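Asker: Residue numbers (my numbering), protein chains in the order written: chain W, 1 to 361; chain A, 1001 to 1132.
Derived from the structure by calculation, the hints contain no laboratory data. Any given hint could turn out to be false.
[Stated by the list, open to error] To be clear about the criterion: a stretch of chain W counts as covered by chain A if any three or more of its residues have a C-beta under 8 Å from a C-beta of chain A, and this derived list gives those stretches:
id : stretch
1  : 36–46
2  : 80–93
3  : 336–350
[To be verified] Keeping only pairs whose Cα atoms sit at most 20 Å apart, straight-line, the calculated DMTMM-like set for lysine to aspartate or glutamate is:
id : chain 1 : residue 1 : chain 2 : residue 2
4  : W       : Lys165    : W       : Asp76
5  : A       : Lys1062   : W       : Glu229
6  : W       : Lys28     : A       : Asp1088
7  : A       : Lys1123   : W       : Asp239
8  : W       : Lys339    : A       : Glu1115
9  : W       : Lys109    : W       : Glu328
10 : W       : Lys20     : W       : Glu328
11 : A       : Lys1020   : A       : Asp1088
12 : W       : Lys201    : W       : Glu229
13 : W       : Lys159    : W       : Glu172
14 : A       : Lys1049   : W       : Asp161
15 : W       : Lys279    : W       : Asp38
16 : A       : Lys1123   : W       : Asp58
17 : A       : Lys1049   : W       : Asp58
18 : W       : Lys331    : A       : Glu1120
19 : A       : Lys1049   : W       : Asp76
20 : A       : Lys1062   : W       : Glu268
21 : W       : Lys255    : W       : Asp58
22 : W       : Lys176    : W       : Glu268
It should be emphasised that the depicted structure is a prediction, and the values quoted were computed from it without experimental measurement. Glycine included, each C-beta is placed from N, C-alpha and C at the ideal position.
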Amino acid sequence: MEATVSNTGTEGKVWGGGNKPLKASYGKMMMWFFILSDALTFSGFLAAYGFSRFKFIDSWPIADEVYNHFPGSHGDNPMYFVALMTFILIASSVTMVLAVDAGHHNNKKKTTFYMFLTIIGGAIFLGSQAWEWTNFIKGTHGAVETKGGQILQFVDGHKKDSHGKLLRVSVEDFAKVSHKERVQHKSKNGLWFVSEPALPKYSVQDIVTGFNSHSNLAVRTQEIIPNIERLKASENPADVTKAERFERMYVNADKTGQKGVLTRAESEKALKDAVVYVKGANLVHNEYGNRLFGDFFFFITGFHGFHVFSGVVINVIIFFNIILGTYERRKNNYEMVEKVGLYWHFVDLVWVFVFTFFYLV
Amino acid sequence: MAHDHGHTEHKLAIFRGRLKFKSNVQKIWGVLIFLSLVTIVEVGLGIYKPSFLVDNYFVGMKYLNWVFIILTIVKAYYIAWDFMHLRDEKSSLRRAVVWTAVFLICYLIFILLQEGTYIEDVKTNGYVKWNF
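With the sequences and hints as input, model every part of the structure.
Answerer: Here it is as structure tokens:
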């Protein structure tokens, strides 16, 4: 299988060519090249995420409040589902190493079996990600967006969880739906070359009316409560002013690290700037907070999910090739399994970082 | 080129030789258990958020976030070294892959986070209005 190389008299010398100083075949080297460049692509994305996050450090959404779903259970379950996804991916990585190992021992049966398990693991992971996306897109409570792109969420001023955090209220629970003249413009019953996206379920007026008739409600802003005591003790007069502003505006100014809940009067004032009702997320609006948050979520987890998907497709191809005996005939200890294995582990490696930066940090 | 690769001999010790395995398959399961333990610790810390780790900062970041990032790098190390068997490769290949990534990524992170912090500073203490 070796290409014919004319003798140059330098065989065996490191810089002479015709030898393999890194003791890796061409295919494996190329896979490492690809993985390295892809790793840099992903670091670019994650570093950009970090950039936006540091830019909006005092108003970024809190991950635990966004990803808190678990199949078959209602209420607040942060972390468990992504932790499960991480285990699934690591487990499928393990079956992949076992397949590579079985391949090195030229054990066709075992290689086939472990490749099969790896494919199943990948498929379960993709399904979990689809479920995660569905929850993210559908949203839970709904919110309003202001002229300046700020998200205002609603809480019940009387209901607290065990950490003293005011519980969120769905817009659907209090908004008063009014009769509307305006209907969605569809190309079939209007100008055929013009169409518009679905109208929001509630107008801002519906929400404000509902809000005014429920005196227990309050608005929660994107701002995260800083350590007020530390600000007050600061030498800088700007910090003291900031602390005073927080104590004046927010009812939970003592709860460092929580999202600020406005007083009733401030809430009514804030709602005057509201322009649109937002439920769930798309690439323009999301009910969780900063607009960029949704974009980064879709882009980075989507790009990773696309990698997992291509990994599964490649694994399926390799799986059938193993069954057909292609690699047995090549007599190179199933090196193709090893190469696709490198890619599969890389996808796992990226997920470890996505997990940290989206869900933990 | 039929038999000059395949790494039939594996380096079977992890934790700098403190933990030795009898076979490659055993090492794989050992690494899985270790990675799972690290993930459980991460999830546990993420749920309970000990106040000591949340309230104290080091270089502008909470202790807790430092713990998460360090544990992530630990996990990445074992995935690359044992699952991607960099441990069994020649050190020149290993270094070519790892140091290239480490240098470029450190540079990227420094530039972007530095700039993000600066913009945040202008936004909060400068002339850009926050609530409009």
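Asker: Does each hint fit the structure? Answer for all of them.
Answerer: Okay, the hints, checked on the actual structure:
Counting residues of the stretch 36–46 of chain W whose CB lies closer than 8 Å to any CB of chain A gives 5, so the stated coverage by that chain holds, three being the minimum. Counting residues of the stretch 80–93 of chain W whose CB falls under 8 Å from any CB of chain A gives 7; the rule of at least 3 is met. Counting residues of the stretch 336–350 of chain W whose CB lies closer than 8 Å to any CB of chain A gives 6, which reaches the minimum of 3, so the coverage claim holds. About 12 Å separates the Cα atoms of Lys165 of chain W and Asp76 of chain W, which keeps this hinted pair within 20 Å; it holds.
Restraint check for Lys1062 of chain A and Glu229 of chain W: the C-alpha separation of about 18 Å stays at or below 20 Å, so the hint holds. For the proposed pair Lys28 of chain W and Asp1088 of chain A, the alpha carbon gap of about 13 Å is at most 20 Å, so the pair holds. For the proposed pair Lys1123 of chain A and Asp239 of chain W, the alpha carbon gap of about 15 Å is at most 20 Å, so the pair holds. Straight-line distance between C-alpha atoms of Lys339 of chain W and Glu1115 of chain A comes to about 38 Å, which puts the hinted pair past the 20 Å bound.
Pair hint Lys109 of chain W plus Glu328 of chain W holds up; C-alpha atoms about 11 Å apart against a cutoff of 20 Å. Restraint check for Lys20 of chain W and Glu328 of chain W: not satisfied, since their Cα atoms lie roughly 24 Å apart, outside the 20 Å limit. The suggested pairing of Lys1020 of chain A with Asp1088 of chain A holds, with an alpha-carbon distance near 15 Å, which does not exceed 20 Å. For the given pair, Lys201 of chain W sits about 42 Å from Glu229 of chain W by alpha-carbon distance, which is inconsistent with the 20 Å threshold.
For the hint linking Lys159 of chain W to Glu172 of chain W, the alpha-carbon distance of about 17 Å falls within 20 Å, and the restraint holds. Only pairs whose Cα atoms come within 20 Å are accepted, and Lys1049 of chain A paired with Asp161 of chain W is accepted, the gap being roughly 16 Å. Of the supplied pair hints, the one linking Lys279 of chain W and Asp38 of chain W is violated, its CA atoms being roughly 34 Å apart against a limit of 20 Å. Taking the CA atoms of Lys1123 of chain A and Asp58 of chain W, the gap is near 11 Å; set against the 20 Å cutoff, the hint holds.
Distance restraint check for Lys1049 of chain A and Asp58 of chain W: the Cα-Cα separation of roughly 19 Å lies within the 20 Å cut-off, and the hinted pair is therefore satisfied. Taking the CA atoms of Lys331 of chain W and Glu1120 of chain A, the gap is near 59 Å; set against the 20 Å cutoff, the hint is violated. About 16 Å separates the Cα atoms of Lys1049 of chain A and Asp76 of chain W, which keeps this hinted pair within 20 Å; it holds. Annotation: proposed proximity of Lys1062 of chain A to Glu268 of chain W is violated, straight-line Cα distance about 34 Å (limit 20 Å).
Taking the CA atoms of Lys255 of chain W and Asp58 of chain W, the gap is near 14 Å; set against the 20 Å cutoff, the hint holds. Note on Lys176 of chain W and Glu268 of chain W: the hinted pairing holds, with a Cα-Cα distance of about 16 Å set against a maximum of 20 Å.
The structure fails to meet hints 8, 10, 12, 15, 18, 20 from the earlier list, while all remaining hints are met.
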